[in-house]
Amino acid sequence: MSLKRLLMLSIFVFALSLSIGIVAGQDDEGLPGFDSWEDVLAAAEGTTVNWFMWGGSDTINTNVDTDIGERVLELYGVTLNRVPLVDTADAVNQVLDESAAGVDEGTIDLIWINGENFQTLKTADLLYGPWAESIPNAEFVNWDDPALAFDFGFAVDGYESPWGHAQFVMEYNTALVGDEPPTTFEDLQTWIHDNPGLFTYPAIPDFTGSVFVRHVFYWVAGGPDPFLGEFDQDVFDEFAPLVWEYLNDIEPDLWRSGETYPDATVMDNMIANQEVAYNMGYGPAGAALNIVEGIYPDTIRTFVFDTGTISNNNFVTIPFNAPNPAGAMVIANYMLSEEFQGAMLDPDRWGWLSPIDPTVYSQDFQDMVNGFELHPATLPPDVLASNALPEPGSDWVTAMEQGWIENVLEN
Amino acid sequence: MPKSVRWFALIVIVLAVFGPMIPQLMWSFATRWFFPNLLPPQWSLESWEYIITPSSRVAEGFMNSLKIAIIVSLLSILVGLPASRALALHNFKGKAVIEWLLMVPIIVPGIVSTMGIHLVFIRLGLTNTFLGVSLVHLIPCIPYMVLVMSSVFANYGTELEDTARTLGANPLQVFWHVTLPGILPGLMVATMFTFLISWGQYVTTLLIGGGTIITLPMVLFPFLQGINFSAAAAISLVFVAPAILVLVLTSRQLGEESSVMGGFGRL
Chain R
396 MSLKRLLMLS IFVFALSLSI GIVAGQDDEG LPGFDSWEDV LAAAEGTTVN WFMWGGSDTI
456 NTNVDTDIGE RVLELYGVTL NRVPLVDTAD AVNQVLDESA AGVDEGTIDL IWINGENFQT
516 LKTADLLYGP WAESIPNAEF VNWDDPALAF DFGFAVDGYE SPWGHAQFVM EYNTALVGDE
576 PPTTFEDLQT WIHDNPGLFT YPAIPDFTGS VFVRHVFYWV AGGPDPFLGE FDQDVFDEFA
636 PLVWEYLNDI EPDLWRSGET YPDATVMDNM IANQEVAYNM GYGPAGAALN IVEGIYPDTI
696 RTFVFDTGTI SNNNFVTIPF NAPNPAGAMV IANYMLSEEF QGAMLDPDRW GWLSPIDPTV
756 YSQDFQDMVN GFELHPATLP PDVLASNALP EPGSDWVTAM EQGWIENVLE N
Chain G
117 MPKSVRWFAL IVIVLAVFGP MIPQLMWSFA TRWFFPNLLP PQWSLESWEY IITPSSRVAE
177 GFMNSLKIAI IVSLLSILVG LPASRALALH NFKGKAVIEW LLMVPIIVPG IVSTMGIHLV
237 FIRLGLTNTF LGVSLVHLIP CIPYMVLVMS SVFANYGTEL EDTARTLGAN PLQVFWHVTL
297 PGILPGLMVA TMFTFLISWG QYVTTLLIGG GTIITLPMVL FPFLQGINFS AAAAISLVFV
357 APAILVLVLT SRQLGEESSV MGGFGRL
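Those sequence lines, one after another, are chains R and G.
Here the working numbering is used: the first residue of the first sequence is 396, the next is one more, and so on.
Here the working numbering is used: the first residue of the second sequence is 117, the next is one more, and so on.
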C-alpha cells in the first residue's frame, strides 16, 4: 500500500469515527430518530402499535385492551394491536430471524419482557434506543434503584421501560395447612416430612421452580449478597452442596415421592384441587385474582419466608426494526402515568404491584392507593416491601439451574 | 348388517366423537369447579361473555382461520390433484423419490422447516400476508391431499374416461362428467384433511404471519397453557365446531361404500 493511499485511508477512518461520534452524541439525548417528545407524539398519532405479549390470562388481556388500549387511543390516537403469545421467546426468535434476514422493518413494536429474553436481544444489539430514560414519564422512575437499573443483574441502560413489579410469594391452602404456614425453610422441611405428598415445586427450567431454588441458596448463604456480583465458582461450590442436601432430603416426601416435578401451570390446578397444599409464584395478588375468578377455592392464602422473597420488575422494550417506535414509546410512557399506575394498583382491576415509588405522584394518588382494600389472600405492600430481596445475576441463575438438574433431578 | 348392530355402532361412534366434549362443554360454563366435585357447583356465562368481547379476538381469529383454510384447501386441490393422478396412474423415472419427498413434511417437524422458510419469505415479501400464511400451511397439507388422492386414483380405472373421449367429449367434459363424480367422495375427504390441518396450524402462522394475522389457534393456544380452564374450554369448543360440522357434512361420503375406503385399504 502506497503512503498516499494509507494517508487517504486514515483520513477516511478519522472522518468516519468523527461522524459516528456525532451520531452517538445525538443518541445520548434519547428518542433516536426524533427531535423531541412533540415530534414523537406527532409521529405516533393515527398509527397502530403491535404489542407482542404472553396471552394466557383473560384478565390481563382485557385489562390491557381497556386500561391501556382504549386510553392511548383517546389520548394520543394510537391504536393498540395486542398479539397474544404462548411464550415471549417466540417474539425474541422472530426478531433474531428478521435480523438474520436483514429486515429493517419488522412487525413487532413492543414486547413485554424481562430477564434472559431482554439480555438476549440487548446482547445481540437488536433493540431500539436508548429511549426509556428520555420519555417524559421516566422522571417518575428511580433509575438509581438497582432493581430498575438492572434486570436480573443485566444493565438496562434505557433500552426497556418498567411496567409492573413482582415479588415471589408462597400460596397455601388453609384447609390443609391451617392458619400458620411454615415461614422458614427449617419449618417447611419439618412440615413436608410430617405431611408427605402435599408439597412440590415446579421442575427447572420452569422459572418458578428456578426462583424457589434461588431462595434455598439465599437461605443457606444467610442472604443474597454472595450471588449479586460476577459469578464465582468457589462461592457457588461452597453453598451448592448444602442446597442439594436440603432439596434431596425433602425429595422422598414430595408429591409423587419426588419422582417427578410438575410444571407451574399444573401446580395452579393442583393446589386448586387439593392435590398439593402449596403453590408459589411471582404474583403477590395472583391468588386473590384466582379466587375472584373462580379458579382457586376461597381457602387459599399467601405468605413470604422470614428470610425474605425475591422481587423483580417487568418491562417493555422496542426491537431495533420496530415499524412504529414512536407509538410504542407513547404507550410505554402512558404506562408510567399516574392514571395507569393507579388502575394497575387497584386490587379489583389489576391487583399488580407498581415499580414506582407512590410519593412521586400526587397526594390524591397516594390517598387512593392507601384506601385500597386488599383481598385477604394478598399480603399488604409494606409486608412485601420489607421482605423483598434482589435477583441474583443471570450467570448465577444458569449455574443454579444446571446444578439442580444434575444433583437433584438426576440424583 | 342387522339393524341393532348398526345402531350400536352409531352410538359407539357418537360417544367416541362427542363424549370427550361433554366435560369441555361443562367447563365452559363452570366456575369454582374443584376436586372432589363431580359436577360444577356453580355455573357461569363469564367465559362465553369473554369470547364475544373484541378483546378475546376469537371472532377475528375465526374469520381469518376460515379464510386461510379455504384458500389452502383450494390450493391443495390445484396442486395435489394432478400430482396424485400422475403418481397413481403413471410410472416414470424418479417416482419413488418424488413420493418420498412429498411425505417429508409429515416426518420433519414444522418448526424446523418454517424457520428456514421464514427467512426466504422475508426476502420474497411474503411475511405478514394472508398469501404467505396460506402458502406455508400448504406444505403440511399437500402430503395428505396427495396420499389420499393417489390411493383414490389407484383404484380408479381410466376406461370410462376413454369411453367418454371415444364418444366425443372434450377434456373439460370428461373431467366434469366422468372423472369428478368418480373421485368426489375421496376428494371431499382429502379436502377435509387439508382444511383441518390448516385450521390447526400455530407455529407456522405465528412466524410467517408475524402477529399481524391472528388466527384461532393463536388465540386458543396461550389459554391451553394458562389456568383458566373455563375460557380455554369455551374457545376450544369454538375451535372444534367447524371440524364437527365438516365431519357431519361429509359423513355420507365416508359412510358409503366408496373408493375412499378402498383407497385406505391400500395404504
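Among the hints, erroneous ones may be present.
[What the hints assert, rightly or not] Each pair of labels, with its calculated beta carbon distance range:
1. Lys209/G to Asn806/R: 44 to 52 angstroms
2. Leu205/G to Thr660/R: 31 to 39 angstroms
3. Pro742/R to Ile127/G: 48 to 56 angstroms
4. Asp693/R to Ala357/G: 32 to 40 angstroms
5. Trp216/G to Asp434/R: 55 to 63 angstroms
If you are wondering where the hints come from, they were derived from the structure by calculation, not from laboratory data.
In this text, a Cβ means the ideal position worked out from N, Cα and C, and glycines have one as well.
Now the hints, each set against the structure:
Between Lys209/G and Asn806/R the beta carbons are some 58 angstroms apart, a value that contradicts the proposed interval 44 to 52 angstroms. The hint said 31 to 39 angstroms for the Cβ distance between Leu205/G and Thr660/R, and at roughly 51 angstroms that hint is violated. Taking the beta carbon of each, Pro742/R and Ile127/G are about 51 angstroms apart, inside 48 to 56 angstroms as hinted. In this structure, Asp693/R and Ala357/G meet the distance hint of 32 to 40 angstroms, their C-beta atoms being roughly 34 angstroms apart.
For the pair Trp216/G and Asp434/R, the supplied restraint of 55 to 63 angstroms holds, since their beta-carbon distance comes to about 58 angstroms.
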